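**Student:** Residues per chain, in single letters:
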Amino acid sequence: MKKLLAAAITAAGVLLASPALSQTPPNVLVVGQIAEPKSMDPHAVTAVNDFRILVNVYDGLTRYKDGTLEVEPSLAESWTISDDGKTYTFKLRQGVVFHDGTPFNAEAVKFNFDRMLNEDHPFHDTGPFPLAFFFSAVDEVIAVDETTVEFRLKEPFAPFLSNLAYPTGLIVSPTAVEESGKDFGRNPVGTGAFRFAEWDANAKLVVTRNEDYWDGPPPLEAVIYRPITDANTRIAEMLSGGLDVMVEVPPDNLAQLRDDAAFTVHEQAGPHVWFLILNTKEGPFAKKAIRQAANYAIDKKALTENILQGTAAIAAGPTPPAFAWAYNEELQPYPHDPDKAKQLLAEAGYDGEELTFYVTEGGSGMLDPIAMGTAIQADLQAVGMKVKIETYEWNTFLGKVNPGLEGKADMAEMAWMTNDPDTLPFLALRSQAMPDKGGFNSGYYANEKVDELLNKARAVTDQGERAKLYKRMQEIVHEDAPWVFVANWKQNAVTGANVENFKLQPSFFLMLQDVAKP
Amino acid sequence: MAAYIAKRLLAAIPVLFGLSIIVFLIMAMIPGDPATAILGSYATPENVAKLNADLGLDKSLPQQYLIWLGNILQGDFGRSYALNRPVLDEVLERFSATLILAGTALVLCSILGLLAGVVSAVRQYGLADKAITVLVLVGISTPSFWLGLLLILVFAVKIRLFPASGMYAIYGGGDLPDLLHHLFLPALTLAVVATGVIARLTRTAMLEVLRQDYIRTARAKGLTERRVIYRHAFKAALVSVIPVIGIQAGFVLGGAVYIETVFQWPGIGSMLVNAISTRDLLLVQGGVVVVAAAYVLFNLAADVVQTLLDPRLR
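Protein sequence lines, in the order shown, are assigned to chains A and B. Mapping the first sequence onto the numbering used here, position 251 (from 1) lands on 835, and the numbers just tick up by one. Mapping the second sequence onto the numbering used here, position 136 (from 1) lands on 425, and the numbers just tick up by one.
Next comes chain A alone, as it looks inside the complex (with noise of 0.2 Å):
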């Protein structure tokens, strides 16, 4: 008994303990991703997580220019816009061809947004498409000839050219939608530098090169896009040799694998903004100076520094500075001045009254909102403000903060990720976007100026005319704060030693079409 006990354990033990294939084989890149991703229809997913890939199986008809937010032609080889602003018209690029081998041309780019925005459209029941909203300014979709196609929009709309470089903007082969109707987001077809080779549930996406791709054939064979939910995990075969690269590493262990010669940590800062929603319609925070007390007296240096440990920038205003061409230069963030806090509560007649506090487990850009939420309150403490948290799961939170906060909160925590300058203040700082008009401006924020900037900014194409506007709404909100501007996340990623030529965008996307792995 004990000797055929002792002979299976070591048969077992031999057979369960061949070496572990820890190297990744070379021009093979494996990226851990951070869940499953939900489709490969770029029109019908809102994650970034899912962007990563697309970004790389798809073009649109402009992209981002390398290492910025500005776009420039990819798909579209040069375009016109009307002096009214609502006709734009795109030469496209000759010769491309879908993964499929059927052309891209006009008809296949009306195609795909006619099956985004119009119901009638015979695979308009492919979708649902929840990120359309993105073109609703588009009216009409022309293909004027083989190469040319022309966008009449209902109105002026400045973020178009930027909304377009989304992947919600990617063209996908409409042959391939025709053939695979609901299944296409499992069998995607596209132009990209990398096309779709094999996606097994739960385990592993593998794109492989697109020799004939239009911008040069990219240097790896094969991408595997691994996804690994649990963050320690992710670190775990990031450790053991299973992933080449790793995105969304935790603040705990950067600085382990900074210390680590096998490994090269990425960073760059995106258009994300984390703040803190005030109610600005009744208590305390309807007066402008507490409001700025707050600012004041909240120690972001030591949110982002401590808590997140490096791993965001203190913010100054409502816009990003990863929107460069946009951001205003001259806007510094509110100093940490308790003293200056505490004369303008005084000077305001504050009277203690107790503040309620939104604060969200997690989410979407959130970084750490609980501990974020109990340094926050401390600060505020220290200046004679109560502050009492309620907490709540993401999705409960939403649900709270959406609707606005009128006779349930004075403050929420929020953050948000964009593409353009225009999206968050005018989504959020509008008066004509409260939440009972279908905005997210939760607190109430209304300050006439802001708005006729914000809204001369959509109708305006000129880059440095929209500039100057977003330039003096940046000031004006700077000073009024509606809320209280913490941090702008930065993005981070880590590659192995051999991973070369790896750039992290400020778009957040994963760009891989350069990258080689020799």
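What the hints contain is simulated information worked out from the structure, not anything from laboratory work. These numbers were taken from a predicted model, which means no experiment stands behind them. The beta-carbon is built from N, C-alpha and C at its ideal position, and this holds for glycine as well. All clues given are correct.
Just so you have them, the derived chain A footprint on chain B, three or more residues with Cβ under 8 Å:
{"id": "1", "segment": "324-334"}
{"id": "2", "segment": "371-385"}
{"id": "3", "segment": "443-450"}
{"id": "4", "segment": "457-463"}
Computed footprint of chain A on chain B; a stretch qualifies when at least three of its residues, placed anywhere within it, have a C-beta under 8 Å from a C-beta of chain A:
{"id": "5", "segment": "340-351"}
{"id": "6", "segment": "543-555"}
Following the hints, complete the assembly by docking chain B onto the known chain A.
**Tutor:** Chain B alone, transformed into the frame defined by chain A:
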């Protein structure tokens, strides 16, 4: 016996039916909806209403439930909103992964637990008994997700003997040795607590049996000690241990939720956690119904085995 099994299976139908109503109501009651979860920051009332209409969630609750029930009876579990694929494909794929993991863990904990329990009882208060008791206590008290991380750190990161996560190698592999190689750490982690419980109960049951008159009779007949313990005592003790193993099967399936997350095992536990956080109603419903049906079957199987072993129950 066949009539008994048929009766038990029929009794399971109202259980599953009631369960599906409860799950449906809970999912309807918790705040947030799939559209809000999908849209995230962009969840304006307008966008949410449009997406809900596209997803067919604008109908009344009873209507939604009846449509779901009608479809289920035709074998159509619907399509997951979040994953955009048929619920049944996802659930069956995930559940078979869980069964492989939980099944292996169950076999491991049964063998190890019974063995440890018998040794412990036979050598009561001896060195082996004391060592086993200490080990079992440590095992029962160790949080399994922590143990999992510890094992990954030692055997995947430091010694690199086993992979840190996943079910198959991402290139090559895909065969049985590859599966076993990936299965070892998670199955071991999952088995630890149940091994402890089974060992303790086997020890108690064996001690109980060993005090019986017929054991003394067996020894008096001059049977070898091995024969007395394994043929007479162990078989009798097994009768009271089998239902416990049946219950442990439930715990192992439940515990798989954590272990699947730690080891990125593509099982149904991690699927349900994700589905709940994205308010993916159809996926939650489908998953819960399948898991519940499995529970019913496991319990039935345990009862049947017990009946076969224990003549008094026949």
